[in-house]
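Asks: Residue numbers (the UniProt record's numbering), protein chains in the order written: chain A, 1 to 346; chain B, 1 to 502.
The hints are simulated quantities; they were obtained by calculation from the structure and are not laboratory data.
What you are looking at is a predicted structure, and each value in this text was computed from that prediction instead of being measured.
Please note that the accuracy of each hint is not assured.
[Claimed, not checked] Here are a few chain B residues that sit away from chain A, every Cβ distance over 10 Å (derived from the structure): (1) Gln80; (2) His81; (3) Leu93; (4) Leu97; (5) Gly106; (6) Gln108; (7) Arg119; (8) Thr120; (9) Pro255; (10) Ile304.
[Claimed, not checked] Not the full set, but computed from the structure, chain A residues with beta-carbon under 8 Å of chain B: (11) Gly49; (12) Leu51; (13) Asn177; (14) Leu179; (15) Ser201; (16) Ala217; (17) Arg219.
For each residue, glycine too, the CB sits at the ideal point set by N, CA and C.
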Amino acid sequence: MTALTTAPSARAKAGRERSLLDLVLRARELSILGVLVVLVAVTAAINPGFLSAQGVEDIFLNASILALLAIGQTFVVITRNIDLSVGSVVGLVAFVTGDLVSAQGGSMTLAILAGLAIGGACGLVNGLLVSLCGVPALVVTLGTLYVIQGLDHFVAHGRQINAADVPQALLDLGSGNVLGVPYLPMIAVLVMLAVGYYLRSYPSGREFYAIGSSPEAARLAGVPIRRRVLTAYVVSGLLAGAGGVLWLARFGTVIADNAHGWELKVVSAVVVGGVAIVGGVGTVYGAALGALLLTTIGSVLVVLKVNSFWQDALIGALLLLAISVDRLLALRMTRILRRRNARHAT
Amino acid sequence: MSEPAPVLALVEVSKAFGAVRALTGVSLELRAGEVHALAGENGAGKSTLVKTFAGVHRPDSGRILLDGEPVVFHGPADAQHAGIAVIYQEPTLFPDLSVAENIFMGRQPRAALGRIDRRTMHARAAELFARLGVTLDPRRPARGLSIADQQVVEIAKAISRDAKVQIMDEPTAALTAQETARLFTVVRALREHGCALLFISHRLEEIFELCQRVTTLRDGRLVASEPVAGLTADDLVNRMVGRELDLYPKQDVAPGEVVLRVSRLTREGAFADVSFEVRRGEIVALAGLVGAGRTEVARAVFGIDRPDAGEVVVDGRRLRPASPIAAMAAGLALVPEDRRQQGLIMEMSIERNLGLTRLRALRRGPFISRALERAHARDWAVRFQLKYGRTDDAAGVLSGGNQQKLVLAKWLSTEPAVLIVDEPTRGIDVGTKAEVHRLLSELAAQGLAVLMISSDLPEVLAMADRILVMHEGRLTAELPGGEATEESVMTAATGRRGKDAA
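Next up, chain A with everything else stripped away, as it sits in the complex (with noise of 0.2 Å):
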């Protein structure tokens, strides 16, 4: 008897508090894209040659390769680890496949090979470091950020790649397009959907969130940690790779200080898009809107005329805003978990 009057009221609860927990859970992606849409409806008021459609393509361009960077390193901050390596790694390897493709009028698919072999030996190495010897992993992507950049330093010698010896087959990658669309958006959306489906969809994908979100569950629940530290690692520095060739195959003219300081700009991104740097929480999708995000603010700044240095102010006090705003959520979720708890207890 009981069972009869329950059930369906019951049923009915439990579907609207799914849907609450859902929106909750998508709230992030979608209050980027508000703010997105905000800050291009007011700047198009402004100044309507914002939308233009030179302007739409450049700021996808120039967000395609942070976002490469983001998803890579929401791999890594997923597991409650951090690769601050990637910036160092996108010069180093934007430098050296443009000597090596300049000095031997290489093609285009041995500077995307050699781009990917040394930015995965960089996320190797990083990944050896935490994984196996147990370091903290702030200290060691630090520490090859300088020896990257002491790298990339060492081996342009103060000299520069030129535009002018860079393949066409390459440069065409950085600018062309196929059917009006650039490659370079295109690369990024292809990796972040198939990142983002493997992530949520894979059973190995889901290790990567258990990691983050209890390391000791993880351990106990016989999750192969180091594999997938390591895994994360060696991605994140093959995806930095990638950027590195596609940032030589956008601008052309490459000298050593290229992406220097873009580790934090890429940790920003994804700590605006919803990624939790304590691990356990957010996706790809968050990451890449977050990159879009941060770009659009440079490219607005520009528009109405703002002076560049308020760029870096602006996006620190979008991370404290991303930050606040995840921690009320949590909080708020917390609560309503509990009460619903209560109400369970019987």
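With chain A's structure known, arrange chain B on it following the hints.
Replies: Relative to the frame of chain A, chain B by itself:
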């Protein structure tokens, strides 16, 4: 006519943590179709034994046999692959992942191309919950689950493994009577299926109801391994307690005036509306399950966490909230639960650790005097019969019991009016345990007010003049020490008042 080889066995296994010997030459055999109980007091080595089976700890000596063959587990994954499922005493879940993902992590049902089949996964989780008789939404995140629900998720995880060995470390500690009955039905079904089970519970009646064999540990040693049939509860208690050591030397004291008064103290999400008082000369125990909010109350009283409402009054004066300095000045002392993390600075010397609470008194001019510090340390080491090499040895080299004495000395040297001790005898050997009890009893007799948080029921019953019981953040009972029983305390602690009248 020999019996078939046990599914899983320990042979002469020993394990030590630093100077503490957790297991010494313990052997244990688990057979298919049998529920094997593991009995023993807190600190007898039960959890260490469980973690040895689970691959969390590797034995220092001795062997593990799987189907009669020696095996080495390098980690929990190895034990799982060997068909061993474990429910740990303290739930370890992924707070950010859904309940269903928590259950099936690493073993998710697959759809085409190796993707996770979420629908099947949720359906299977719901099925498990139905079997256990609880209503939990498989899709909700594990964050915010009550301890009881967390335990249910752990149980669901273990029984979903179809393991040939199930190890359950106090699975019923947080459950209601109904949930416990459901679990027993499931356990019996598993047994009939040919599963070998190891079952730990501090409730003796559960052992008699469910188990066929019982192994008793005491101080890390095997006392007996025998069929349950023919045993009485008294037999079992005798085996567990064994020696006629006076473990609980409690003096009778007529309590004096109220020193500590806590009224309507609330910290949202941790505890609510907690009021009690402690009198001079009294030992008041704060009992309850792990996670009931006892430690949080102690932290708020001592000013570590800021309460949302309520007040703490010491000697008639209202204490400034969220200020440990004010608490110390008013005469409070707190011996925390985790002495390695919170009680001591392990790398620092014994004398420095002891001096930390008395830095002002140990000054000569503006500087701390090493000589005074050393003299102070020697004095207290003698008073507490501390076993140490030199006072400038690191605190970390002491045994667990001596570390605990050091923490007690550190706080008693402030000459407090109220001493709050959180799990004062967890993980220390029986001899030191008796010493700590004698000390607390003497101090109370001299007029100290003691608030003792303890999960060790015999300790609570024997040492306390009054027992306060917490359940999910609220005080649910206040029992006079003389009249309380394990039953009455556990009933209040699990919040199942009146439910198990049958």
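Asks: It remains to establish, for every hint, whether it holds in the given structure.
Replies: Against the structure, the hints come out as follows:
no. : hint   : verdict
1   : Gln80  : violated, 5 Å
2   : His81  : violated, 8 Å
3   : Leu93  : violated, 6 Å
4   : Leu97  : violated, 6 Å
5   : Gly106 : violated, 6 Å
6   : Gln108 : violated, 5 Å
7   : Arg119 : holds, 13 Å
8   : Thr120 : holds, 13 Å
9   : Pro255 : holds, 35 Å
10  : Ile304 : holds, 20 Å
11  : Gly49  : violated, 44 Å
12  : Leu51  : violated, 38 Å
13  : Asn177 : violated, 31 Å
14  : Leu179 : violated, 29 Å
15  : Ser201 : holds, 4 Å
16  : Ala217 : holds, 4 Å
17  : Arg219 : holds, 6 Å
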